[in-house]
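Colleague: Single-letter residue listing:
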Amino acid sequence: MTEVEFLIWVRGPGFQIASVIFVAGLLLRLFEILMMGRKANLAEAKGSEMKSGLRTILSRSLHTSPTRSSAFSQTAGYIFHIGLFVTILLFAPHIMVFHDIFGVKWPSLSTTVIDAVTVVTIITMFAVLAHRLHNPVIRFLSKPHDYLAWFVTILPLITGYLAFHRVGMTAPSLIAIHILSVELLLVVFPFTKLTHAFTLFLSRWYNGAISGYRGVES
Amino acid sequence: MTQITNDIEFRRAIDGLDYARQRILAGRFVSNVLDLSTDGRIERVVKTTLDAGASADQLTEALKAARSATMDSYTRCGAEGDWKEQAGYFVARAATAAVTPESQSKGGGPAWQAAMSSRMARTSILIDNAEQATSHESEQQYRILAEFLNS
Amino acid sequence: MSASLEKGINALKQQIDAPIATFFSSCVHCGMCAEACLFYTETGDPKYTPINKVEPLRIIWKQEYTLLGRLGKLFGIGETVTDEMLTEWESLVYDSCTMCGRCSMICPVGNDIAYMVRKTREGMAAAGHAPDGLIGASKRAITIGSPMGVKLPALQAQIGHVEKDTGMKIPVDVEGAEYMCLLSSMEIMNFPEYIGAIAKIFDHAGVSWTISSEAFEATNSGIQIGVSEIAAELIQRVVDAAEKLKVKAVISPECGHAYMAIRWEGPNLIGRPYSFKVFHILEVLDQLREQGRLKTRGMEKARLTYHDPCQIARRGGVLEQPRNLINMIAENFVEMPDAGKMNWCCGAGGGVSTNERADEIRLKVFQRKKDQLDEVHAEGLVSACSNCRIYIEEGLEEYHMDIPVLSLTETLAEHLVDK
Chain A
1 MTEVEFLIWV RGPGFQIASV IFVAGLLLRL FEILMMGRKA NLAEAKGSEM
51 KSGLRTILSR SLHTSPTRSS AFSQTAGYIF HIGLFVTILL FAPHIMVFHD
101 IFGVKWPSLS TTVIDAVTVV TIITMFAVLA HRLHNPVIRF LSKPHDYLAW
151 FVTILPLITG YLAFHRVGMT APSLIAIHIL SVELLLVVFP FTKLTHAFTL
201 FLSRWYNGAI SGYRGVES
Chain B
1 MTQITNDIEF RRAIDGLDYA RQRILAGRFV SNVLDLSTDG RIERVVKTTL
51 DAGASADQLT EALKAARSAT MDSYTRCGAE GDWKEQAGYF VARAATAAVT
101 PESQSKGGGP AWQAAMSSRM ARTSILIDNA EQATSHESEQ QYRILAEFLN
151 S
Chain C
1 MSASLEKGIN ALKQQIDAPI ATFFSSCVHC GMCAEACLFY TETGDPKYTP
51 INKVEPLRII WKQEYTLLGR LGKLFGIGET VTDEMLTEWE SLVYDSCTMC
101 GRCSMICPVG NDIAYMVRKT REGMAAAGHA PDGLIGASKR AITIGSPMGV
151 KLPALQAQIG HVEKDTGMKI PVDVEGAEYM CLLSSMEIMN FPEYIGAIAK
201 IFDHAGVSWT ISSEAFEATN SGIQIGVSEI AAELIQRVVD AAEKLKVKAV
251 ISPECGHAYM AIRWEGPNLI GRPYSFKVFH ILEVLDQLRE QGRLKTRGME
301 KARLTYHDPC QIARRGGVLE QPRNLINMIA ENFVEMPDAG KMNWCCGAGG
351 GVSTNERADE IRLKVFQRKK DQLDEVHAEG LVSACSNCRI YIEEGLEEYH
401 MDIPVLSLTE TLAEHLVDK
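Taken in order, these protein sequences are the chains called A, B and C. First residue of the first sequence? That's 1 in the working numbering, and the numbers climb one at a time after it. First residue of the second sequence? That's 1 in the working numbering, and the numbers climb one at a time after it. First residue of the third sequence? That's 1 in the working numbering, and the numbers climb one at a time after it.
In case anyone wonders, no lab produced these hints; they're calculated from the structure. Not one of these hints is a red herring.
In silico DSS-like pairs for lysine-lysine, Cα to Cα no more than 25 angstroms straight-line: (1) C:Lys-169 with C:Lys-246; (2) A:Lys-143 with C:Lys-47; (3) C:Lys-370 with B:Lys-106; (4) A:Lys-39 with C:Lys-7; (5) B:Lys-106 with B:Lys-64; (6) C:Lys-341 with A:Lys-51; (7) C:Lys-151 with B:Lys-84; (8) A:Lys-46 with C:Lys-341; (9) C:Lys-13 with C:Lys-62; (10) C:Lys-7 with C:Lys-62; (11) C:Lys-164 with B:Lys-106; (12) C:Lys-62 with A:Lys-39; (13) C:Lys-73 with C:Lys-7; (14) C:Lys-47 with C:Lys-364; (15) C:Lys-62 with C:Lys-47; (16) C:Lys-277 with C:Lys-244; (17) C:Lys-295 with B:Lys-106.
Construct the complete structure from the given sequences, taking the supplied hints into account.
Modeller: Next up, the structure:
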């Protein structure tokens, strides 16, 4: 297979397969969760579940950190999450892909900015890995799948950076590898903790609902 | 000769005493139930309590011992209760109340607190013996107080 | 697989609901829950990380309710729950967790880890992996009616004593009274003056109340050990008595988990809403205060601070009331750091104090409460849970601190104007 054929496959069938697995996997996880159900609460409520649940979705992002270690986790977490958001959604070539699929467009940031954000995000993700390996609690909790999730998340950032700067290989190969790394992320995503990107809205809601029912803001 | 016949008179008479005298009176209440405790520390605490000339240091030591004795004798949450041992807990509490300094004393003062806890010690023994009779500890305490006031 | 392990695994399976599944799907192993848990902060041992305590539940969730997990089970690969694991996890779940819920407030993805521990205990207990102390307490609760074996004659003797002291009649089995008061065995045995205090307050405020001779126990050992059938049976007794006496409300005494049991878990355990209301004693006292029915005199002069019992405050919603009441009778009330819904657990709730094996770690982690008290330079501590009270007293003694620990209800009663 030539590198152009490879690129065409990756952009076509490869992407389709990965997207189907991604969407099906997420829907499956959602189904697996919701089919468990939740018993109605028969105790007399002190507060509203819905309001409290919605509030907690937002307020959990605003927590202050109890210690230096979690201050690092929070700060680094903000940086790389925002970095991912910016690099994925505000980069012109990516916006074109979304336009092709969903038919919507939105403004992009300059490539200089995206480039800088990518570098910062990559560095932060290495720092996060170092923290995971160094911090006794996080190291204790970590399993192979935590490192897998890290790997499939950072890979598109690195391959994207290399592709943009045409480092080491020809453009078609670099772009193909980058797209392939995204497909890897999509395929792995629904079966790892990366599902938190979607399920955290529900878990924060449940937390707020349970607590709000008892009259406590959480 | 002063006579005390009910708790209203009892409380009023106690309230009229200064803190140092209340301490000694408290010691007498605890002495009356001393046999319900198996903890040797209480006897020593009571000795200090009854000593009008006890120094601040001695009282502090006594408080420490009484608190320790209390902590060692309460019934653990969820454990099978033994009312005989609970009697010892209340005696220790009475002794603690007797030597608690004025700044930390709970409502009623040392003599009243010691009297109440001593009565509970007696009640505990009754429960242990599965007796239906009510305790006469309060009547004995009225007598102790009357003797104290007349001395 | 042994029969008991099978029971345990089935119990864990039954515990999984949509929230549990969501929580496990969302956990990113960030470790922040450890920072919220006093069993971690005071020991530095990562195994006390809250989310680690519920590993058995997570494995069952994965294995039974996720695609990869089910495939793994089919092909005999992947993690499983074994007897050895449950043995190892027993002390994590029962000795080093009070279900205080601080972790639930901190988790960035919103996991209610205390809720998860509560459910994990159901599996543990079903598999026979619960501490002896709790097993004994639960048995006594069912057969005798009190986890500490307090029988009716003992309560009657204490009542007789209190009546003599206060000169008041303690109403027992009075039909149509407004409130039915529960008592914890801890109070009946260790702090019977609580009974006198509520008698005094209710007489002062003109409140009609009663104790039921058939269901006076507030402590719910079923919740602590994690056996819902026991918990439900204990609740049902209270419900039957309350309905028999046709009271408007049941009052939970100064005990933390008792409130959680009767107020929040109760109706769900017995499968139907109550026909009466349930309040913590502090809620009732604050209502009386609001209605102007409490007249007090004098103020406590010492520098007092308040310990929020976890199940009443953070997990129960009774946060403002104690402060309103303390401000009536204390002129020098100061809040400790982290006061309110983020206050630190005393370390003794949720069955930990019943468990002798946990004594050492319980006393070790008390350092956190000591640090709070040191920072606020308290001269006295007020609280509203008799378990917190006695175990804080024990902790203070262990750490050579000389601060009196007061019951809010009893202290309030002492300041009432005589009618």
